[in-house]
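These are the residues of each chain, in order.
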Amino acid sequence: DVKVTQSSRYLVKRTGEKVFLECVQDMDHENMFWYRQDPGLGLRLIYFSYDVKMKEKGDIPEGYSVSREKKERFSLILESASTNQTSMYLCASSPGLFYTFGSGTRLTVV
Amino acid sequence: GENVEQHPSTLSVQEGDSAVIKCTYSDSASNYFPWYKQELGKGPQLIIDIRSNVGEKKDQRIAVTLNKTAKHFSLHITETQPEDSAVYFCAASEDSGYALNFGKGTSLLVTP
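Protein sequence lines, in the order shown, are assigned to chains H and Z.
By the numbering used here, the letter at position 22 of the first sequence is numbered 26, and the numbering carries on one by one without gaps.
By the numbering used here, the letter at position 58 of the second sequence is numbered 77, and the numbering carries on one by one without gaps.
Mixed in with the good hints, there may be bad ones.
The list that follows gives simulated cross-link-like pairs (lysine to aspartate or glutamate, EDC-like), each with its CA atoms no further than 20 Å apart [what the hints assert, rightly or not]:
| # | chain 1 | residue 1 | chain 2 | residue 2 |
| --- | --- | --- | --- | --- |
| 1 | H | K75 | H | D42 |
| 2 | H | K74 | H | D42 |
| 3 | H | K61 | Z | E102 |
| 4 | H | K7 | Z | E21 |
| 5 | Z | K61 | H | E73 |
| 6 | Z | K87 | Z | D68 |
| 7 | H | K7 | H | E83 |
| 8 | Z | K90 | Z | E102 |
| 9 | Z | K77 | Z | E98 |
| 10 | Z | K123 | H | E76 |
| 11 | Z | K56 | Z | E24 |
| 12 | H | K57 | H | D42 |
| 13 | Z | K77 | Z | D46 |
| 14 | Z | K56 | H | E34 |
| 15 | Z | K123 | Z | D36 |
| 16 | H | K57 | H | E21 |
| 17 | Z | K61 | H | D42 |
| 18 | H | K61 | Z | E21 |
| 19 | H | K57 | H | E26 |
| 20 | H | K17 | H | D32 |
| 21 | Z | K123 | H | E83 |
| 22 | H | K7 | H | D63 |
| 23 | Z | K87 | Z | D46 |
| 24 | Z | K61 | H | D63 |
Hint data in this document are derived by calculation from the structure and do not stem from the laboratory.
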């Protein structure tokens with residue numbers, strides 16, 4: 005089975021901190037994605053990457069950046085965390101449009 | 020860009036009844052329509068998908084129908100069971116695209 009592993013299940017960070025969310029997949033997928041999930045707003049795409057060192061903005065990239073130095077790892081970076089970035093963050097990978105999601109990281113910014 | 024609308028946002032049914040969730044999309048170029056199920060504490064998982072060259076697809080108790088003219092597609096769950104309780108997301112995309120555009124989700128509760 006394809007596994008997408010998100011490094012933390014729960015995180016609590018302070019306003020202004022730099023936050024790294026890590027995602028690793030084990031199936032050599034080209035595409036990787038970061039979504040945030042909020043009640044009533046569904047899944048919103050933050051960034052995606054279709055190859056190593058390649059990245060594309062999604063619908064809500066403001067306040068975020070990403071890094072993909074190796075094919076299996078896709079990191080989401082909050083440069084200066086703010087309370088409105090409190091959310092569930094979901095990573096996914098895919099060889100095409102068939103997504104496999106990780107279990108999510110629930111981030112709370114205080 | 021693509022806009023996917025999903026209704027209802029919550030749905031409660033009795034065990035054994037059917038449940039229907041509906042989605043509409045805006046981009047006529049979209050031709051791939053998956054449905055994902057998210058159980059509590061887990062990431063969404065693909066349960067069924069359909070491409071625009073077919074109008075209906077079934078897998079045991081779940082089915083998806085697609086009306087390309089009207090730009091809407093629906094998920095049908097028959098003989099619902101308590102373990103069907105979850106959040107369901109529809110999505111749409113062009114086959115050649117990279118990223119799926121998701122609806123806002125439907126929270127389905129099946130009561131015994």
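Here is how each hint holds up against the structure:
1. K75(H) to D42(H): violated (28 Å)
2. K74(H) to D42(H): Cα-Cα ~29 Å, so violated.
3. K61(H) to E102(Z): Distance ~36 Å between K61(H) and E102(Z) Cα, so the pair is violated.
4. K7(H) to E21(Z): Not OK: K7(H) and E21(Z) at ~28 Å, beyond 20 Å, violated.
5. K61(Z) to E73(H): Outside the cut-off at roughly 27 Å; violated.
6. K87(Z) to D68(Z): Distance ~15 Å between K87(Z) and D68(Z) Cα, so the pair holds.
7. K7(H) to E83(H): The hint is violated at about 27 Å.
8. K90(Z) to E102(Z): violated (30 Å)
9. K77(Z) to E98(Z): holds (14 Å)
10. K123(Z) to E76(H): violated (28 Å)
11. K56(Z) to E24(Z): holds (17 Å)
12. K57(H) to D42(H): The given pair, whose Cα atoms are some 28 Å apart, is violated under the 20 Å limit.
13. K77(Z) to D46(Z): Violated, because 25 Å separates the two Cα atoms, which is more than 20 Å.
14. K56(Z) to E34(H): This hinted pair is violated, its Cα atoms lying about 23 Å apart.
15. K123(Z) to D36(Z): violated (24 Å)
16. K57(H) to E21(H): violated (24 Å)
17. K61(Z) to D42(H): holds (14 Å)
18. K61(H) to E21(Z): Holds - the C-alpha atoms of E21(Z) and K61(H) are around 15 Å apart, at most 20 Å.
19. K57(H) to E26(H): holds (15 Å)
20. K17(H) to D32(H): Not OK: K17(H) and D32(H) at ~31 Å, beyond 20 Å, violated.
21. K123(Z) to E83(H): violated (27 Å)
22. K7(H) to D63(H): violated (25 Å)
23. K87(Z) to D46(Z): holds (10 Å)
24. K61(Z) to D63(H): violated (23 Å)
Comparing the model with each numbered hint stated earlier shows that hints 1, 2, 3, 4, 5, 7, 8, 10, 12, 13, 14, 15, 16, 20, 21, 22, 24 do not hold.
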